[in-house]
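Assemble the dimeric complex from its two separately framed chains, guided by the hints.
Chains as they are written, first to last, in numbering that gives the first Met the number 0: chain A, 0 to 231; chain B, 0 to 174.
If you are wondering where the hints come from, they were derived from the structure by calculation, not from laboratory data. Yeah, the Cβ is synthetic: ideal placement off N, Cα and C, and Gly gets one too. Mixed in with the good hints, there may be bad ones.
[Said to hold, decoys possible] One side of the interface only, derived from the structure: several residues of chain A facing chain B at Cβ under 8 Å:
(1) Ala34
(2) Ala45
(3) Arg46
(4) Arg48
(5) Val49
(6) His50
(7) Ile170
(8) Pro173
Below are the chains, spelled out letter by letter.
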Amino acid sequence: MVRQDRESALSVWMGDAEGAAPLNNLLRGLDRLLAAEADPAAAEAARRRVHQALDAEAPGPIYYDSLSTSPVGPLYVAVSDRGVLALDFTGSEAEFVGRLAPRLRASLRRSADKAGEALEQLQAYLAGRRTAFDLPLDLRMTREFQRQVLMAALKIPRGSVATYGQIASRIGRPRAARAVGQALGHNPLPIIIPCHRVLASDGSLGGYSGRDGVRTKARLLELEGVRYDWHW
Amino acid sequence: MDSAPDFGGLIDLHSSELLAYLTRLLDERQAAEDCLQDVYLRAYRAYSRLPAEANRRAWLYRIATNVARTAWGRRGREAARAAPLDDEARDPAATVEDGLERSEQLVRLRAAVDALPHKQRAALILRRYQGLAYEAIGPILGCSPEAARANAYQALKRLRSLMAAAPAEDGGESW
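Isolated chain B, as found in the complex (with noise of 0.2 Å):
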C-alpha cells in the first residue's frame, strides 16, 4: 500500500557497503554487523514516512553514522565499567584485516583514528573509502558539503598530530 514492498531491495542493494562502513568506522566485524541489523530495522520502521524522493542511500548511511556513533558511546561506557577485559571484548583477530597482525605502528594509528571526533572519522571514511561526493556526505553528517570536506582533512591533519605527539621508538619513517 505504501513504498514499503521494495525495501528488500535496498538491502540487497546497500547491506554489503555499509557493512564495510560501519567495520570501518567500528574497527569490530561483530559490533558492526549488530549494527547493520540495527540501522535496518530502524530503517524500516521509518521508511514509510521517508519522502519518495529521497536519497535512499544516503539516507541509509545517515542511520548508520548515527548507529555507529551509538554504538561507540555504549562500547566507551563499558569499556569504563569493564576495564580489564577491555583486551578481550576487542578480539583483534576480529578486525578489518582478518588474520593479519598489525604492526605496533598500526595499532598506534587505529587509536589514533579512534580518537577522532566522530564526525571527522566518518567524514574521512565516507569520502575516501566509501567513495562519496561532499555533496552527499554533508547531508549523512548534517552539515554543508564545505563542512563535510573540512571534516575529512581535519581528520588527517588530527591523524598526523596525534601520530607525531608520540612518535615510533624503533625510529621508523616520521608519520
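Bound conformation, chain A alone (with noise of 0.2 Å):
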C-alpha cells in the first residue's frame, strides 16, 4: 500500500496522473535543483548570441558570373561578402549554380559587377599578364583538412610544383599523400589554389579534376613555364 501511493504520488509529480500528492524529500530536491528557468535577461542574451553566431555561419548573398571564352572553357566563379567562394570550368552554368546552391543554403544571383574583379584578375592569369592572384578567399566549404592542404598549396609559388607527399610532410601528416590528393581534388577554387602545382611523387601529373583534367592542368603548368610532357 505504502508502495503503491509513493508510485501514484511519483506519476502526479511527473504529470502522468491527475491528482494531488505529497512531495517527499528527493522530489522536492529534484524540483529545487532543476525547475527554475532560464533567466529571461540570460535567455535574450543567449539567443541574440546566437543568432550572432549564425550570422558569422551563414552565408550573406552569393554572386556568381562566367568567362565564356577562357584558355580553359567556359568558366564560373561564385563570391560572396567574404572572398571568392567557388570557381568551376567543368560543367554548364546551371550544373554550377544547381551544386552549388543547395551546398550554401543560398541562391545564388549572377552580378558581373560582384564577380567583377575575381573575373578580371583570372582572365589575366589565363592570358599571361598576371603572376598571382589577390582575392580575399571564403573556405567555408572545406574543413579543417582540407584547409590545411589548400593552403599548403597556396604557398607554391608561380613556376614551381609540389608532390602530394611534400603537402603532407608540410602539414605535418607525412602519410596521408592519399587524403592530400583527395583534398586537393575537391578544391573549390582551382586555379586561384593553384592545385595543379601538386604532381604524384614519381612526377606524373596525378589527377585533376577540371575539364579536360590531366590535360588542363598540363595546360596551367605550361603558361607557368613548367613544361610537362604528358602522356595519356
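In C-alpha cells:
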C-alpha cells in the first residue's frame, strides 16, 4: 500500500496522473535543483548570441558570373561578401549553380559587378598578364584538413611544383599523401588555389578534376613556365 | 531557395527552453550557453536535409541531447586530467539556482543526478521540467515512448537508491 501510494505520487509529480500528492524530500530537492527557468535576461542574451554566431556562419548573398571563353573553356566563379568562394570549369552554368546553391543554402544571383574583380584577375592570369592572385578567399565549403592542404598549396609559387607527399609533410601529416590528393581533388577554387602545381611523387601529373582532366593541368603548368610532357 | 530562411524563427521560438534544458542537464550556465550555440550551428547545417513534415522542436531537442552528452564526456575527461582544479572548473555560483548556496543535501542530490546514465537524466528532465510527452521524448532519446517513460522512472528509482546509500549525516528525513 505504501509502495502503491509512492508510485501514484511519483506519477502525479511526473505529470502522468491527475491529482495532488505530497512531495517527499527527493522530489522537493529535484524541484529546487531543476525547476528554475532560465533567467529571462540571460535567455535573451543567449538568443542574441546564437543569432550572431549564425550570422557569422550563414552566407550573405552569393553572386556569380562567368567567362564564356577562356583557355580552359567556360569558367564560373562565385563570390560572397567575404571573398571568392567557388570556381568551376567542369560543366555548364546550370550545373554550377545547381551544385552550389544547396551546399550553401543560398540562392545565387548573377552579378558582373560583384564577381568582376575575381574574373578580371582570372582573365589576366590565364592570358599570362598576371602572375599571382590578390583576392580574399571564402573557404566555408572546406573542412579543417582540406583547408590546411589548400593553404599549403597556395604557398607553392608560380613556376614551381610540389608532390602530394611534400604537401602532406608540410602540414605535419607525412603519411596522408592520398588524403592530400583527395583534398586537392575537391579544391573549390582551382587555378586560384593552385592544386595544379601538386604532382604525384613519381613526377607524373597525378589527377585533375577540371575540364579535360590532366591535359588542363598540364596546360596551366605550361602557362606558368613549367614544361611538362604529358601522356594519356 | 529552401526552407532555410525561417531558421531564425526556430531560434526565437526555442532557444529559451533549450537553454533551460541544457542548464538542467549540465548544471552550469556557461557550458549550457556554449552548447546552445553548438546546437543551433549543427541544426543550421543540417536544416536543408530535414524533411518538411519533421517536428522541428523535437529535432532541436534531439540535437541538444546529443550535444550535451558530448559536452558531458568532454567535461569528464577534462576533470580527470585536471582533478585538483575541479572545484574551480565548476563554479558553484554559476549553477541553476544562481545566488542560492546549496545545502549539503542538495549538493549530494546534484551529484546523484550527475551520476545517472545520460538517457535517464534526460528522460526525467524532458518529462518533468520541459513538459514533453513521452511520444516526443522517445524519438529525442532514440527509443520508444514506453522506453522513454521507463527511463524517467528508473532515474527516480536510481536517485532514491543513490541518496539512500549515503544517508544524511544530520539525521534529517529519509529520501
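Here is how each hint holds up against the structure:
Interface hint at alanine 34 (chain A): satisfied, since its Cβ lies 6 Å from the closest Cβ of chain B, which is below the 8 Å cut-off. This hint holds: alanine 45 (chain A) has a C-beta 5 Å from the nearest C-beta of chain B, less than the 8 Å allowed. Given hint, arginine 46 (chain A) at the interface with chain B, holds; its Cβ is 4 Å from that chain's nearest Cβ, closer than 8 Å. Contact between arginine 48 (chain A) and chain B, as hinted, is supported at the beta carbon level, the nearest pair being about 7 Å apart and thus within 8 Å.
Among the interface hints, the one on valine 49 (chain A) holds; its C-beta lies about 5 Å from the nearest C-beta in chain B, closer than the 8 Å criterion. Because the smallest distance between the Cβ of histidine 50 (chain A) and any Cβ of chain B comes to about 6 Å, under 8 Å, the interface hint for this residue holds. Taking 8 Å as the C-beta contact cut-off toward chain B, the hint placing isoleucine 170 (chain A) at the interface is violated, the least distance being around 25 Å. Given the 8 Å rule on beta carbons, the hint for proline 173 (chain A) is violated: about 28 Å separates it from the nearest Cβ of chain B.
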